[in-house]
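> Residue numbers (this note's numbering), protein chains in the order written: chain A, 109 to 443; chain B, 109 to 443; chain C, 109 to 443; chain D, 109 to 443.
Hints should not be assumed to be uniformly reliable.
Far from chain B by the CB rule (all over 12 Å, computed), these chain D residues [stated by the list, open to error]:
#, residue
1, E151
2, Q189
3, R193
4, G202
5, Q235
6, Y295
7, N297
8, I302
9, G323
10, D346
11, S360
12, F394
13, G412
14, P415
In the DSSO-like style, the derived pairs of lysine-lysine whose C-alpha atoms are separated by at most 27 Å in a straight line are [unchecked claim]:
#, chain 1, residue 1, chain 2, residue 2
15, A, K253, B, K253
16, D, K253, A, K113
17, C, K113, B, K113
18, D, K253, D, K236
19, B, K113, C, K236
20, B, K236, B, K253
21, B, K236, C, K236
22, D, K322, D, K272
23, A, K322, A, K272
24, C, K322, C, K272
25, D, K113, A, K113
26, D, K113, A, K236
27, C, K253, C, K236
28, A, K253, A, K272
29, B, K322, B, K272
30, D, K253, C, K253
None of these hints come from the bench; they were simulated from the model.
All C-beta atoms, glycine included, are put in the ideal place defined by N, C-alpha and C.
4 protein chains.
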Amino acid sequence: MLTTKEPIRDIAHLGHVELLTPRPDESLWYFHDILGMEIAHAEGQSVYLRGYGDYAATTLKLTEAAQPGVGHIGWRAVSPQALDRRVAAIEQTGLGIGWSNGDYGHGRCYQFNDPDFHSMEIYFDEQKYDPPEELKSTLRNLPMKFPKDGIGVRRTDHLAVLCKDVAANRGFMQDCLGLNLREQVIYDNGATEIGSWMSSTPVHHEIAYVVDVKGMDARLHHFSLWVDNRADVLRAADIFMENGIFIEAGPSKHNNSQAFYLYSYEPGGNRVEIYTGGFLVFAPDFETVVWDEENRGNGVYWGGALPDSFLNYATPDGEAAAGEGRKDIPVIDPR
Amino acid sequence: MLTTKEPIRDIAHLGHVELLTPRPDESLWYFHDILGMEIAHAEGQSVYLRGYGDYAATTLKLTEAAQPGVGHIGWRAVSPQALDRRVAAIEQTGLGIGWSNGDYGHGRCYQFNDPDFHSMEIYFDEQKYDPPEELKSTLRNLPMKFPKDGIGVRRTDHLAVLCKDVAANRGFMQDCLGLNLREQVIYDNGATEIGSWMSSTPVHHEIAYVVDVKGMDARLHHFSLWVDNRADVLRAADIFMENGIFIEAGPSKHNNSQAFYLYSYEPGGNRVEIYTGGFLVFAPDFETVVWDEENRGNGVYWGGALPDSFLNYATPDGEAAAGEGRKDIPVIDPR
Amino acid sequence: MLTTKEPIRDIAHLGHVELLTPRPDESLWYFHDILGMEIAHAEGQSVYLRGYGDYAATTLKLTEAAQPGVGHIGWRAVSPQALDRRVAAIEQTGLGIGWSNGDYGHGRCYQFNDPDFHSMEIYFDEQKYDPPEELKSTLRNLPMKFPKDGIGVRRTDHLAVLCKDVAANRGFMQDCLGLNLREQVIYDNGATEIGSWMSSTPVHHEIAYVVDVKGMDARLHHFSLWVDNRADVLRAADIFMENGIFIEAGPSKHNNSQAFYLYSYEPGGNRVEIYTGGFLVFAPDFETVVWDEENRGNGVYWGGALPDSFLNYATPDGEAAAGEGRKDIPVIDPR
Amino acid sequence: MLTTKEPIRDIAHLGHVELLTPRPDESLWYFHDILGMEIAHAEGQSVYLRGYGDYAATTLKLTEAAQPGVGHIGWRAVSPQALDRRVAAIEQTGLGIGWSNGDYGHGRCYQFNDPDFHSMEIYFDEQKYDPPEELKSTLRNLPMKFPKDGIGVRRTDHLAVLCKDVAANRGFMQDCLGLNLREQVIYDNGATEIGSWMSSTPVHHEIAYVVDVKGMDARLHHFSLWVDNRADVLRAADIFMENGIFIEAGPSKHNNSQAFYLYSYEPGGNRVEIYTGGFLVFAPDFETVVWDEENRGNGVYWGGALPDSFLNYATPDGEAAAGEGRKDIPVIDPR
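Can you make the complete structure from the sequences, with help from the hints?
Structure representation (structure tokens):
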């Protein structure tokens, strides 16, 4: 038997994401009061949040900024050795920035950019969540109490970012981080890579790269949070409607990933997905599923079509002035 | 064709229930913070609550008392004429008490006892809920906002009371109120009526009479609140576990009624059921379903068996001193 | 107190519906193999079907015809006396036709038209379902086994028909049958009645009249079948997609009725809704909810918008030749 | 930083399981007609089945035998090199048997025993499922159609086996296969290892070892199949009840794993679990959750208690004669 190259398996999972918001109070109301995420820490212009099932102290950093968008994306390595191997690979690309002493919740990390200038970092040392007494769960294997209030998102699932060159960014994530390619949308008889979905774990995707129709830098398409049941997504739609949260699309089922989804805009302007279902990828020789113009359709298996905004809107929005966010997002008074 | 007597159709529905509690603060925390019921009014030793889907201003009156149990049970008539007809029928039995000027939420009512001395009343004038601005739903046909916090019970469904003589009480409710008999448990080859389930609407039952194994007066077995989905019952179980609420039985499926249920004790000691599913009865000539020792089993279609406490415990509990409630119910500090 | 007129309460429920299909084999495959309805009887060009929870022997008569559409609509009275009262009222309108000896499943009935010439009948004698041994449920209060195959619709819920004059038809059903008016869509500052939803039971609506934009006679908009859980609607969408059934809209939530729905076309061309949720109406003095252009929107509370076909397509379709049905409905080979 | 040893990550996932049955026709009816698994192949005394979401040609081999139980357990390696590494490790223990040419669905494999003599094998080459035309899904990333009939299990999740020495078997699986230890039940102040739950993927566990209270060899406690939704487990309970399948426990929620479960006996006598929920383990430094007598309780978070049979019954059952299976399992005539 010929010896084929073994896969890189150095990334444990998508660790945390920093979102930027020009309306920090309203955004916090959305993530805490509506989604039911716990506030683990606050420092400077940032609040650190977590889903009730996240093992880490924090998985979402919410930071005040002139424009919405993604601040940085953190990847956890499986071991210190794996961290070193990935840093070495990144440094060879010229996209490395250097080591940092870390942040609330995790230790030293190596910072870098992807080819589209999304800020990323990789680290191994992570602080596990230690709940205060009143938040201790009656389940010994649950990091904190299942929340009785709000939608009750369990954990970060994935994010989707826009970029000018999907192939370049996808290749960087495969080669330097060892992410596995799950699905792709390729148009023009294989010539135009529209989007690529990748993951380090059996979870279908932790990051997706999709082409930026406006050709801007380092934008966020959406950030996605997991709920355990399709019933939770339906309940989330009722809660969004009653609380003035803009629903852009769903509840519907994706064809890509098979997941059941609901897209909202948080008050700062970032698109946030409530997400469940989908399929886990166990095959070590999984063959990437490729969709073309015809079989991709509009990305929906059943449920309402995705509106034009789903293709055209991302954060920061090129048409909004700094500090204003998107003008047509309903303004909500946070309580 | 022989002219058979036409059915009485004078009761619109079970209108409201008053529960007594020796721990009013904890009980209010249970109904408001955990179940998500809205507080419509407070007066004297009572707080008036409602489910988000109840059209009436209030459907649950929670009153401080030395012992838990049911205070009174209110029935709404379909019309003023129907009210008069029912009062006339009740007065003939000698169980009538007299007219009262009503209470918060409804107008004049006629008070009476059932043969087991449960306090009841019947009325027509009822105040519809008029939500404050911040509780107005985005659905024009929903009386108030779907609550984002807590279990989110939609409405009162039914209650079950204990009595010494099921046949006498069941017959009174059929003859005087015109309730329809849905299901019965009859043991000893038809000789012993153990329980009877009745309703004025297609809802399977609004009141059940079950024999009191302790032979006490006017006790409550359970009060039942409706949620829309079986998923909501499962979520309720998680919320109960995380908040120190005692789960006595379920989530499981009844054979009688086919409903999906979860029994808890509210901190005052009353058994409260979270309930959904079941079947609606549309047939005007519905034949009462009768269960005997063999086919009744323990009343569970699937899911865990009902514990002994389900048969032996009711409120007030004969073994608890006044003002103490049941001693083995977890004490919870209300917030 | 002034004596106001008491409501008519003579109709027990929508009893059965006859659907016409130019593709009887494919339609039967849809209702039996896909929806999981049981075949109770076959006779002539008709097959008689039932949901597993229907108490009557049959609730859906499927009849071969040149064009799809609704054959007739059967209403069950609460008593023989009620039947006589309703017949007397109908005869006064000149829309009565006369008595018939009945059909499989029910006894003598009085036939009539509504003002838009939809064929209707009213009856009291109905045959209860008596399942063969292998279809007896392990639940004594369930008419037959819960089906393990197919979507598993429990029972008929309602139908919506088109008409040229909503007010005339709505008034006829209120006056002659005593149906209760639940919700209305009225445009042009109250001048144009677009649709009216009515019921004889607490079920939100059993029949809706909606204006026919093509001005044709006696058309069907959709026929609706109940499933117990929102999860069943989601599963139905997966089953429809995998079996070539056209999904026109949903899964989504209506604003009117609050129900969760999925619209498909059965192979004969009729629109069939898989339906759950919604709210029960208990108030005897329920105030009809009226929607105008602004607050009606497109009738969807959340989920995808209704497509143009939802407004323009009905059966029979004026643009299809007799015997052909709608040309763009996928042709499926029944197994 | 000290260089700690990196984890073994050579196993891709639990590949397939062979179950033995003395009633092959009835067992096939259970897995195919009731659970909705597809028959991929039949050969000799075996039928090869698959869940609709399994990527491999087959994941369950059902083989006629004198006694129920587990035939063998197959593990898929992540690469040919990983296969060689694991074989080398196994051979050092003396528990290796040798290479085989494989079976339907997979290529050459290395056979071995665990210390309790459960037959196992490890392999890399696996045949992906290639559905016949009529079973091709409309979803390009789903190996076959979502089944409209039966419960619709998606894939194999895990199995639990009994053994005389949990520590020895658990250590073997950690050292030789590199499985990760998720949760343990340890009694007697840490002295008695009652059970250990392990996995090669983020799925909570793929195999559990639990102490055999009868001290027999190589027995099966249960085999577990995944459904996507808690609603599917509830539907499964209804289907089991209507089709004479014995439900031993559930629907209930485990504390260990947090999963939602339903235990049945297939007609051959093996315990089969319908399973969903639970949590995924992403932390590379996950700390094993250890339960003792007090916090373990009976293993149920909410829902009915596990009956004694759950502790005492396994397959083969020492009290049943060969060829008979368990005498008290309902005999069902397969269709």
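> Would the pair K236(B) and K236(C) pass a check requiring their Cα atoms to be no farther apart than 27 Å?
violated, 39 Å
> K253(C) and K236(C): Cα distance at most 27 Å?
holds, 15 Å
> Find the nearest Cβ of chain B to the Cβ of Y295(D) and say whether that gap is larger than 12 Å.
Its Cβ never comes within 12 Å of chain B, the nearest being 23 Å, so this holds.
> Given the hinted pair K113(C) and K113(B), is their alpha-carbon gap at most 27 Å?
holds, 22 Å
> Does K113(A) lie within 27 Å of K253(D) when you go C-alpha to C-alpha?
With Cα atoms ~34 Å apart, K253(D) and K113(A) exceed 27 Å; violated.
> Confirm or reject: P415(D) is not an interface residue toward chain B, with every Cβ-Cβ distance exceeding 12 Å.
violated, 9 Å
> Going by Cβ atoms, does R193(D) stay more than 12 Å from chain B at every point?
For R193(D), whose nearest Cβ neighbour in chain B is about 42 Å away, the distance exceeds 12 Å, so it holds.
> Verify the proposed pairing of K322(D) with K272(D), using a straight-line Cα cut of 27 Å.
Holds - the C-alpha atoms of K272(D) and K322(D) are around 9 Å apart, at most 27 Å.
> Holds or violated: K113(B) with K236(C), Cα cutoff 27 Å?
holds, 21 Å
> With d taken as the least Cβ-Cβ distance between Q235(D) and chain B, does d exceed 12 Å?
holds, 38 Å
> Beyond 12 Å from chain B, beta-carbon-wise, is N297(D)?
holds, 27 Å
> Does the no-contact call for I302(D) survive, Cβ to all of chain B over 12 Å?
I302(D) is indeed farther than 12 Å from all Cβ atoms of chain B, at 22 Å.
Hint compliance for this structure: hints 10, 11, 13, 14, 16, 21, 28 are not met, and every other hint is.
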